[in-house]
Amino acid sequence: MTPSSDDMSIISLVMNASLVVQLVMGLLLLLSLLSWWHIFSKFFTVKNATSQSADFEDRFWGGSDLVALYDQTRRNHAIGMEKIFIAGFTEFQKLRQRGGMELSDVMDGTRRAMRASSQRELDYLDKHTSFLASVGSVSPYIGLFGTVWGIMHAFTGLANVGQATLATVAPGIAESLVATAIGLFAAIPATVAYNRFAHDIDALASRFDTFTEEFSNILQRQAAR
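The numbers in UniProt numbering rise by one with no breaks, and the one at position 105 of the sequence shown is 105.
Honestly, I wouldn't trust all of these hints.
As the list claims (entries may be wrong) - Here are the in silico distance ranges between beta carbons for each label pair:
1) Ala181 - Ala68: 55 to 61 Å
2) Ser64 - Ile188: 43 to 49 Å
3) Ser130 - Ile218: 20 to 26 Å
4) Trp61 - Asp202: 37 to 43 Å
As the list claims (entries may be wrong) - Simulated pairs of lysine-lysine, DSSO-like, Cα-Cα distance not exceeding 30 Å:
5) Lys127 - Lys47
6) Lys83 - Lys127
7) Lys47 - Lys83
8) Lys94 - Lys83
I should point out that these hints are in silico values taken from the structure, not numbers from a laboratory.
Everything numeric in this text was worked out from a predicted model, so none of it was measured.
Glycine included, C-beta positions come from ideal geometry on N, C-alpha and C.
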């Protein structure tokens, strides 16, 4: 059923759209809700990792004893850079206690442990960002499909009308364009959020790599004494 020309509210257009267009709108609404869930969840996750890393760097470079800092960090809920520190220091102590190993081999093992921990943290932070990228790229096309289908349905319905006027064509076209609008509503926030999270995670990855190298140098100098 096509809404009358004097009832062109969004709700009326959605309720009177064809079944295929309604299914497209429902799918886009579901994608939008899921993307917003991941946006809020990822926002707090990345923000927490960034603030925790900054706080840990302040404590690390504040002259704290490494053993005391290691014990303190293990007792806390470590994330991000703290886990890299724990992984590196644990591996360093374990390899040093074995004895008979060259310092270069000890440091290689320590770096591998920290890089593996860093990659695990980045994988965790990057989780679900690909979904946001997919929503941002696919949603406009899904909405466009609904629009094209709705316009085809509207023009097919004109075959039963003796005289086609703007009043008879406009409601069908309008309800079809709502699908495109919903597609953009789902795509734009997902794309913006994805770009923002990608930038923040890349910044954290750079900080993790820098810390890994600096901490390795500190451990190497201590072991060489």
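Verification of the hints:
Taking 55 to 61 Å as the suggested C-beta distance range, the pair Ala181 and Ala68 conforms, at roughly 58 Å. A hinted range of 43 to 49 Å holds for the C-beta pair Ser64 and Ile188, which are about 45 Å apart. The supplied range of 20 to 26 Å is broken by Ser130 and Ile218, whose beta-carbon atoms lie about 36 Å from each other. For Trp61 and Asp202, the hinted distance range of 37 to 43 Å is not satisfied, since their beta carbons lie about 22 Å from each other.
With a CA separation close to 14 Å, the supplied pair Lys127 and Lys47 stays within the 30 Å bound. Between the alpha carbons of Lys83 and Lys127 the distance comes to roughly 18 Å, so the proposed pair stays at or under 30 Å and holds. Between Lys47 and Lys83, the direct Cα distance comes to roughly 16 Å. Compliance with the 30 Å bound is thereby established for this hinted pair. For the proposed pair Lys94 and Lys83, the alpha carbon gap of about 16 Å is at most 30 Å, so the pair holds.
When held up to the earlier numbered hints, the structure conflicts with 3, 4 and fits the remainder.
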